[in-house]
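Protein chains: 2
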Amino acid sequence: MEIIGREHCLDDCAVFPFGKTNMVASTDMLHEKADFPAGMTDRQRGWMSVAVTLSDIAAMGAEPCFVMLAVGLDRGSRLKAILQGAKECCDSYGAALAGGDLDAHEELTMVSSGIGFTDHPVGRAGARPGDLLCVTGVQGRAQAALEGYHRYDPFLFEPLPLVREGILLAKAGVTSMMDNSDGLVISLYDMLEANPGCGYVVDSRLLPMVAEIPPDESRDFSLYGGGDFGLICTCPSWMELPGELDIHVIGSVIQDHEVLVDGKEADMKGYQHVWNE
Amino acid sequence: MEIIGREHCLDDCAVFPFGKTNMVASTDMLHEKADFPAGMTDRQRGWMSVAVTLSDIAAMGAEPCFVMLAVGLDRGSRLKAILQGAKECCDSYGAALAGGDLDAHEELTMVSSGIGFTDHPVGRAGARPGDLLCVTGVQGRAQAALEGYHRYDPFLFEPLPLVREGILLAKAGVTSMMDNSDGLVISLYDMLEANPGCGYVVDSRLLPMVAEIPPDESRDFSLYGGGDFGLICTCPSWMELPGELDIHVIGSVIQDHEVLVDGKEADMKGYQHVWNE
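One line per chain: the protein sequences are F and V, in this order. Be aware that the first sequence starts at 1, since it is given in our numbering, and climbs by one per residue. Be aware that the second sequence starts at 1001, since it is given in our numbering, and climbs by one per residue.
Since the hints were derived computationally from the structure, they do not count as laboratory data. Glycine included, C-beta positions come from ideal geometry on N, C-alpha and C. Treat the hints loosely; a few may be bogus.
The calculated lysine to aspartate or glutamate pairs, modelled on EDC-like cross-linking and capped at a C-alpha distance of 16 Å, are [as the list claims (entries may be wrong)]:
(1) V:K1264 to V:D1203
(2) F:K33 to V:E1107
(3) F:K87 to F:D42
(4) F:K20 to F:D119
(5) V:K1033 to F:D74
(6) V:K1033 to F:E107
(7) V:K1033 to V:E1088
(8) F:K171 to F:D74
(9) F:K171 to F:E240
(10) V:K1033 to F:D103
(11) V:K1087 to V:E1158
(12) F:K33 to V:D1074
(13) F:K33 to V:E1106
(14) F:K264 to F:E240
(15) V:K1269 to V:D1256
(16) F:K33 to V:D1103
(17) F:K269 to F:E258
(18) F:K264 to F:D203
(19) V:K1033 to F:E258
Residues of chain V clear of chain F, computed beta-carbon distances all greater than 12 Å [as the list claims (entries may be wrong)]:
(20) T1027
(21) A1104
(22) E1107
(23) S1113
(24) L1192
(25) V1201
(26) D1256
Model the full structure from these sequences, guided by the hints.
So, in structure tokens, the structure goes:
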């Protein structure tokens, strides 16, 4: 089952050549219990359900065009706030909320599906030994919120997909990219799978971490925490990183097929789904 | 809530002008208990989850391009057969299965989202008094299967979206179109909502019905039964119906804003979702 699943998720989006440009498409399913942190409002759930798809589109370097939302509702009274949040997120990124589907369901379930376009599609594959490994912004803030540091709640509850950043990085010439919403290290393992000819080393001292909490926790959150909507990318060492972006070199691409953090093989930890076989 | 819902579902698809053509997009959510008839195999569930979206695209007169599938799985072992059925349906209609998302869920939940293109988009609105009202094929076979007439099971379990038919009807110049998967009369009420300036009359003697069952049941299934994947359309009386299609005139478009069957106001019955407010 994993093998079939993997074939279908080696990139954040499917890519279709389309005239002189490329259409990218992504779909994401979220469930109340498994995917929405406790304490969120329905407006925030609507926002997040769109944000996850916009983040996938951003990770391809694409400009979002529209998002559709299928909502399985346990109570009809929740719909208005959910759609309000979904529309706010679409509006914030210049995407249309193109309707969707409604259904009754025991557990609130939302699936957002989005379309974007890019002349420079960037996938998870494409990293080359010698490339730099970079991340955008501070890592681990959403996890800090999950662990009770409530001043970081906005990062967890109203994540901001990095659409402009993804487009700029793709244009600048990054060789591979993905979003890190499942966690940095687990995402590097995903990238490892898409890049059989190389591996990744991370120097944790270079990680932009949450500053105001104990350093051990902060390091842990930045490496293994989920819920951040940052971008991970690789680029040639000579490439100029867009100056207007909050982007950090945290390591490099190596020839060996492994993920090393501070010289040791990294634990494959992060946010993962578990099925009963 | 209904009002918000209705705003978002006045057509089977959202339509975006796209260069010289139009992109249409649709998303559909299906749950194991509410939407899949008992007795289906997982391969058939995969097939149906794609078929509903292809039918929405067909009802706009569009050619499907790709479908994405988000699957919330109760047991991972089901995935292979589900994806097999989804892929078979896509392959049968020349659409790509463009990956999707996987997730764990207590109840099997599937959301398919599809994109198509058409130079002649046809919506639910556009009917004009004096137009003919038409349907494709025999009505009520899926409902007959649901009611225990098992020789009709294939129509219920492996519905065939009328993609070629929708494209031909759009090119021929139909003024409005939708699919009838929720039932004929309930779909006419949906069309009524999209067409404030007219209404519909049906002469039930003209309905192509299931022949081998008692006439009373057959009439009921054809008017109110769900699960058929036929098309309902309106067209000018002078328009030539494509000769290669199994299409039937069953009534006409009138000035009064009502749905009449054999001269009486039709019951608003059919397949509907119920929410706890």
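Against the structure, the hints come out as follows:
no. : hint               : in the structure
1   : V:K1264 to V:D1203 : 10 Å, holds
2   : F:K33 to V:E1107   : 13 Å, holds
3   : F:K87 to F:D42     : 13 Å, holds
4   : F:K20 to F:D119    : 7 Å, holds
5   : V:K1033 to F:D74   : 14 Å, holds
6   : V:K1033 to F:E107  : 13 Å, holds
7   : V:K1033 to V:E1088 : 23 Å, violated
8   : F:K171 to F:D74    : 43 Å, violated
9   : F:K171 to F:E240   : 11 Å, holds
10  : V:K1033 to F:D103  : 12 Å, holds
11  : V:K1087 to V:E1158 : 13 Å, holds
12  : F:K33 to V:D1074   : 14 Å, holds
13  : F:K33 to V:E1106   : 11 Å, holds
14  : F:K264 to F:E240   : 29 Å, violated
15  : V:K1269 to V:D1256 : 20 Å, violated
16  : F:K33 to V:D1103   : 12 Å, holds
17  : F:K269 to F:E258   : 14 Å, holds
18  : F:K264 to F:D203   : 10 Å, holds
19  : V:K1033 to F:E258  : 44 Å, violated
20  : T1027              : 4 Å, violated
21  : A1104              : 5 Å, violated
22  : E1107              : 7 Å, violated
23  : S1113              : 4 Å, violated
24  : L1192              : 19 Å, holds
25  : V1201              : 30 Å, holds
26  : D1256              : 29 Å, holds
Checked against the numbered hints above, the structure violates hints 7, 8, 14, 15, 19, 20, 21, 22, 23; every other hint is satisfied.
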